[in-house]
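Top to bottom, those sequences are chains A and B. Position one of the first sequence corresponds to residue 13 (my numbering), numbered consecutively onward. Position one of the second sequence corresponds to residue 13 (my numbering), numbered consecutively onward.
In short, the hints are calculated from the structure, not lab data. Computed from a predicted structure; not experimentally measured. Treat each hint with caution, since some may be false.
Since the list gives no way to pick one copy over another, a pair counts as held whenever it fits inside one copy or between any two copies.
[Said to hold, decoys possible] Calculated pairs, DSS-like style, for lysine-lysine (alpha carbon to alpha carbon, straight line, at most 30 Å):
1. Lys537 x Lys85
2. Lys537 x Lys402
3. Lys537 x Lys419
4. Lys554 x Lys302
Protein chains: 2
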Amino acid sequence: MPTSLLKESNVDVLIIGAGPAGVMACNALAKAGINVKIVDQRPEKVAAGQADGVQPRTMEVLQSYGLAERFLKEANQLHMVAFYNPSQEGGIELADRITDVTSATRYPFEATLHQGAIESLFLDSMKSMGIEVSRPFTPASIQVSENEEELKDTSGFPVRVVLRSLAPSEGQADTEIVNAKFVIGADGAHSWVRKAFNITMEGEQSDYIWGVVDFTPDTDFPDIRNRCAIHSDNGSCMIIPREGDKVRLYIQLGDNSAVDATSGRVDKTKIGPHQLLEVARKSLFPYTIKTPETFEWWTIYIIGQRVASQYSIRDRIFIAGDACHTHSPKAGQGMNASMNDTHNLAWKLALVVRGLADMSLLQTYEFERRKYAQDLIAFDRQFAKLFSGKPRTELNQDGVSHEEFLKAFQTFGGFTSGVGIHYAESPITNSTHQAFAKDLIIGKRLPPQALIRAADARPVEIQDYLPSDCRFKILIFAGNTSSTEQQTKIEKLADSMSSILTLYVHSGNISDIFDIISISSATKKDVRYNSLPALFRSHWSKVLLDDIDVQGKQGGDAYKNFGVDSSGVVVIVRPDGYVGTVAPFDSVKDIKAYFSSFMKVQA
Amino acid sequence: MPTSLLKESNVDVLIIGAGPAGVMACNALAKAGINVKIVDQRPEKVAAGQADGVQPRTMEVLQSYGLAERFLKEANQLHMVAFYNPSQEGGIELADRITDVTSATRYPFEATLHQGAIESLFLDSMKSMGIEVSRPFTPASIQVSENEEELKDTSGFPVRVVLRSLAPSEGQADTEIVNAKFVIGADGAHSWVRKAFNITMEGEQSDYIWGVVDFTPDTDFPDIRNRCAIHSDNGSCMIIPREGDKVRLYIQLGDNSAVDATSGRVDKTKIGPHQLLEVARKSLFPYTIKTPETFEWWTIYIIGQRVASQYSIRDRIFIAGDACHTHSPKAGQGMNASMNDTHNLAWKLALVVRGLADMSLLQTYEFERRKYAQDLIAFDRQFAKLFSGKPRTELNQDGVSHEEFLKAFQTFGGFTSGVGIHYAESPITNSTHQAFAKDLIIGKRLPPQALIRAADARPVEIQDYLPSDCRFKILIFAGNTSSTEQQTKIEKLADSMSSILTLYVHSGNISDIFDIISISSATKKDVRYNSLPALFRSHWSKVLLDDIDVQGKQGGDAYKNFGVDSSGVVVIVRPDGYVGTVAPFDSVKDIKAYFSSFMKVQA
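Go ahead and model the full structure; you've got the sequences and the hints to work with.
This is the structure:
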């Protein structure tokens, strides 16, 4: 049989671009059992350089996909930030060393690992599910049906994408047509998908020009393994230690000699890593740094701060990652924002594709993530300005003082760590009963908390009970389950919950979409884990206790830390780990209302 | 070329038996670059059952070989012990729940995983170094030279072992002659090696008969996932929850019907797992337990408590593990004692084979491990007696009271956790200057302690700086390295240490045998990690601080906890993680004396 030179296929989701946003989406969808295809125009994955900073919240997300362990093994951790300022004697001196991450998080540090290694976490996970990136492929055209009925019907494939192979093998099709239910354009700052639909980028370009070099340093600088913000009279410089013995230097360029006057773009032929290091040397004086034999990677950029005017086309095509937002890399936000875009989108697409949720759920992606990107740009403007500004000295009283910089650095902690992200009120973020769990902020991620397992007193982390498996986690804060009176209330609740949750699942399999975890306030000495109704203990490991562990070192105060009412509260955590809603035992009807606002009642 | 039917080879170390003691030895020696061969008579590794309890200290040892992470992923953890006693109403009732492990350790719990899975940790590690178990092979004869000169010369191969294949392939040799420098007989309770040299087992057999069943239970017993000691008027029973949902029951048999009157051995044809479960049911009343579809494993045994009269033949052949000691399995000691035997032996053999240490070093193996086995037996006698005794009740005032049992349980905590092991004074355990680090007990393992890295403020665990790589770890407690005065002392020390350590290594490569870690008492705000002499910071990660981490959660008080004098102390940790000796800065000559007592000065 001759091989056809035109291949055509149907997929649930086509992802264009296998950078951090693309592989996050692909892995999440594949784990959810969605038929997904991912293509990229690069013949190989990124080998070095590019984005490398990972925030605490992103590490929590990696953990929810089972990828944090390997990430932490490979990455470098940043615990402390050192600030260097001009000294009286000329050159710089250590002004302060402070904690890098001050927000409450499971991973209280930033971490660095080159983009290729991070992509590999996902690529290897995808491979274990039989999925690889088709590359090098570039999209040639994209069309979406204009028929409203077709657009509403999730069984059809209303998006048609023509892909062209950049290196077709002998006898293989060089053109491929993919009919998709949904398309994700995760194709970077110069996104083809975005341009195909004339989506504009809103915002502007700054005047700040920076250079970046990656290498293994030989230096007498004592903070070379700490994150450093260096303000000198000879320019600013930032040090980001990386995996192994490598470091990255961000170097402010004082003049515009590397910018092409006509295009306004940087011209990489006018400057190189040696010149960048030479500029850094002036900032670092009196410390010295040797010229390395090789530079692992380098670049120059002008900070641009822009957000896409829209994130989706007819709820069928979505853009994500750098395709939606560009900003300065120094606060280490880029890759994090990108991965969290598709972490937010994937579960929504999965539920819609599986016929469990209404198409309207998809609108919450742009609603939640575009707002976040706008906040990011606003933050970045302030941060970049402070960072690129001249330091305050005797001669320059208008400069940025150390106190100003420090204050800004700490104020933005919740933002830069990623744990402060707060999605606004929407069908999936309903804060009607917030008062019953006042410190489990609806719209924010469920914070880490140690609990102990009722059956075996083993300390566990609540976030480990929230894997990104596209299921809603239903936390039953059951109160004191050793009390007979409370037991009666819990049994009544179990009956109501059973009848509600059954509405949204196929053939009665509640556990397909809902994972129930019980959290009792009984003590480890008294508790009988098997006194709970069967619905609330699908396995012995699903009953947890708000008590300290037998060593007295972990756990305790969960109800208090979460502000949870001890008479009994149900907390719904979205599949992405964000608190969706809360209801006291006697308002269980509002749980039905919550799910009915975006889930489909099954026959 | 025709295949010879008689194969002959030379190896540094031949290990007979690939149970826990054998694979521990093999992996450790292979990691040290020793030419090692391991044989076993079983055609396959153990699939289920057998020993399964792992102590906290053994987990620390696994971690030192890089194997704890996988172990912890696969094993079940026991944090709490529940005690059940006869109730007034007949049957049993919960009397108490207490902490399982009360000793200070990095892994404050016991863990269970079947022996085959534990062996696999080592087998896979060995495989990554190209070593597999030759099986099924049985030894046919063993001979050791009687020439004193030959026995002293570590370049020769004075032990000749004839091995016979139990399943030779077509055309393969069925007999193999191995000439070895050293042989380890890790061939179990019925050790062929032990018998070949007429080594006797000293001790006796008790009257206690116990049955063991492994299965996945369906029960209403609320402590099925805790370790349980159940004393009922219908006999004693112990529950050990295992990996997955499995449990092991240890069941006391009230009569001798399963014992063959003539041989005194148990006869497994007279009883089976169903009968054992039936006995357990009587102890567990009023709780019920269903008969499972299958039993994973079961056995019956009579407790015997014996220790081999000697552990070695002419410092050339050593026996280890069950070949040296037998005792009751209920305190979960067996596999731990076995693995720790060869953990103790391997580094000594490695240093002798490499020509770095004197043959006399090998005598410390029997000295240290036989004493331990005797202590183990003494403990086991008391424990087994208490456990097998009748409970004290109204009718039986002579029985064992809950308080007595509890007290014994807690008294033996240091022993059962394994962290209390204290090797007596010997050339490798020299306590002359104990006073300068009074809580780093010479002869005990270095306890866990969080420190922070000077260069990047990352919290680390000191035990992670003590991998089992056959190197001595030299901890330089350098005092306040920010003080100029102290710096002068440190530089002087570095000069002396350099001239001492160079004596024991080939061609000046100190790091081949010694790994130097500096621990400064400067603060993370002030420290300059690169102010230390080069010898004391072979890499930036080797300088540690006694300070709390930036989150205020880990570290601090190391000097205090260890009782270390802040004016400066050198601590030598043996390659197996036990403190070898201690010296203040001005007694550095005693470090030379320590090493000279068992190491060879190289030309």
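Going through the hints against the structure:
1. In this homomeric assembly, Lys537 and Lys85 come within 30 Å of each other (Cα to Cα) only across copies, at 26 Å, whereas the closest approach inside a single copy is 37 Å.
2. In the homo-oligomer, the alpha carbons of Lys537 and Lys402 lie at most 30 Å apart only across protomers (25 Å), although the nearest pairing inside one protomer, at 61 Å, exceeds that limit.
3. In the homo-oligomer, the alpha carbons of Lys537 and Lys419 lie at most 30 Å apart only across protomers (19 Å), although the nearest pairing inside one protomer, at 47 Å, exceeds that limit.
4. Only between protomers do Lys554 and Lys302 lie at most 30 Å apart by alpha-carbon distance; the minimum there is 22 Å, versus 56 Å within a single protomer.
When held up to the earlier numbered hints, the structure conflicts with none and fits them all.
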